[in-house]
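Full structure from sequences and hints, please.
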Amino acid sequence: MLKPNKDATIKAAISLTPVYTKLFRELQKNGGRIIFLPEIAARQNLFGFYVIMYDNELKFSAALSLALLGEDQFHKLNAELKDASKEDQQQFLDAIVEQGNWDEILKSFQIPNSPQEWEAAQKQLELLPSEERQALEKRGGFFWSYYFGSFFNTLALMVHGEKLTTLVPQAINGDDDAFLKAAQTDRMLLIHHPYFRERKFRAQNEGDKKFLFRLANHESIPVLVGKIQFPGLYMLFGLLESFQWLDNLGATEILDICVQANLDRYQNRIDDECYVSKRLREYRQWQKTLRMSRI
Numbered sequence: 001m002l003k004p005n006k007d008a009t010i011k012a013a014i015s016l017t018p019v020y021t022k023l024f025r026e027l028q029k030n031g032g033r034i035i036f037l038p039e040i041a042a043r044q045n046l047f048g049f050y051v052i053m054y055d056n057e058l059k060f061s062a063a064l065s066l067a068l069l070g071e072d073q074f075h076k077l078n079a080e081l082k083d084a085s086k087e088d089q090q091q092f093l094d095a096i097v098e099q100g101n102w103d104e105i106l107k108s109f110q111i112p113n114s115p116q117e118w119e120a121a122q123k124q125l126e127l128l129p130s131e132e133r134q135a136l137e138k139r140g141g142f143f144w145s146y147y148f149g150s151f152f153n154t155l156a157l158m159v160h161g162e163k164l165t166t167l168v169p170q171a172i173n174g175d176d177d178a179f180l181k182a183a184q185t186d187r188m189l190l191i192h193h194p195y196f197r198e199r200k201f202r203a204q205n206e207g208d209k210k211f212l213f214r215l216a217n218h219e220s221i222p223v224l225v226g227k228i229q230f231p232g233l234y235m236l237f238g239l240l241e242s243f244q245w246l247d248n249l250g251a252t253e254i255l256d257i258c259v260q261a262n263l264d265r266y267q268n269r270i271d272d273e274c275y276v277s278k279r280l281r282e283y284r285q286w287q288k289t290l291r292m293s294r295i
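With this note's numbering applied, the sequence shown corresponds to residues 1 to 295, in that order.
Treat the hints with care, as some may be off.
DEER-style ranges, computed between Cβ atoms [to be verified]: (1) Lys288 - Phe49: 31 to 37 Å; (2) Ile221 - Arg25: 16 to 22 Å; (3) Arg265 - Leu136: 34 to 40 Å; (4) Val19 - Asn248: 33 to 39 Å; (5) Gly32 - Gly174: 25 to 31 Å; (6) Ile221 - Tyr195: 20 to 26 Å.
With a Cα cut of at most 20 Å, we get these calculated EDC-like pairs of lysine to aspartate or glutamate [to be verified]: (7) Lys278 - Glu253; (8) Lys6 - Asp247; (9) Lys209 - Asp175; (10) Lys6 - Glu241.
What the hints contain is simulated information worked out from the structure, not anything from laboratory work. Backbone N, C-alpha and C define an ideal beta-carbon position, used for all residues, glycine too.
Below you can see the structure in the form of structure tokens.
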């Protein structure tokens with residue numbers, strides 16, 4: 001599995017934490033279930049093909065590259081990397097995260113916060129020349145794909161201990177337990193992923209009541225159970241974990257990342273390194289308790 005370098009990971013986590021914390025808070029507000037604003041839900045349905053990215057983690061880098069570079073430049077890079085070694089692919093991944101100005105990226109794909117802002121953004125888009133508008137809409141599609149896919153990938157790691165990029169390939173290879181965990185985390189899999197659609201249809205067609213009962217049970221259980229006292233901090237931990245760096249960073253480094261990600265030290269009870277270590281132990285215990293409750 002490819003792993004971004006340390007500096008790239010920190011840079012990405014600092015910028016993504018505030019964005020994904022908003023989604024995480026929505027989970028808490030809705031009893032642990034994913035209920036997006038209508039405009040965001042519409043885009044999740046429209047770009048639901050993002051679930052195909054779970055088949056291979058490299059597809060996340062590709063989606064982000066397409067959003068940043070545009071299709072023409074991406075295809076040029078892709079041709080160069082077609083037969084690249086794992087080391088070259090790693091360098092490519094590092095370059096994408098390291099060179100990307102995350103604040104500018106997120107600003108250029110700013111997500112409106114109200115129906116009025118959505119309407120204003122759409123009107124502004126319609127003022128652009130047709131060719132420019134189509135190119136921007138296409139790049140926006142790749143941004144939304146990365147946005148949804150990476151959030152649910154991180155959420156699965158936090159909740160189930162494995163990312164969707166691990167669970168989905170396992171499901172495709174016949175692991176029904178992995179199938180159920182993945183489907184519970186991101187419901188779009190049952191709608192837009194060919195294997196997940198086929199597996200559910202096969203169970204219905206063959207009268208596999210045991211599987212269908214288990215699927216219905218998983219769909220009825222919220223992704224998150226109970227109140228999370230420090231959602232922003234836990235999302236930061238989840239992002240660092242998804243980049244495979246959480247266990248390799250010291251408390252002082254994590255505290256510095258928290259400050260740069262604008263996490264309030266008082267609200268998150270991270271006054272110093274000792275409190276960061278305590279919060280991290282609580283995060284691990286929360287993960288353990290959540291996973292045990294699903295056995």
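#### Entry: Violations among the numbered hints, reported as their numbers in ascending order
The structure breaks only hint 4.
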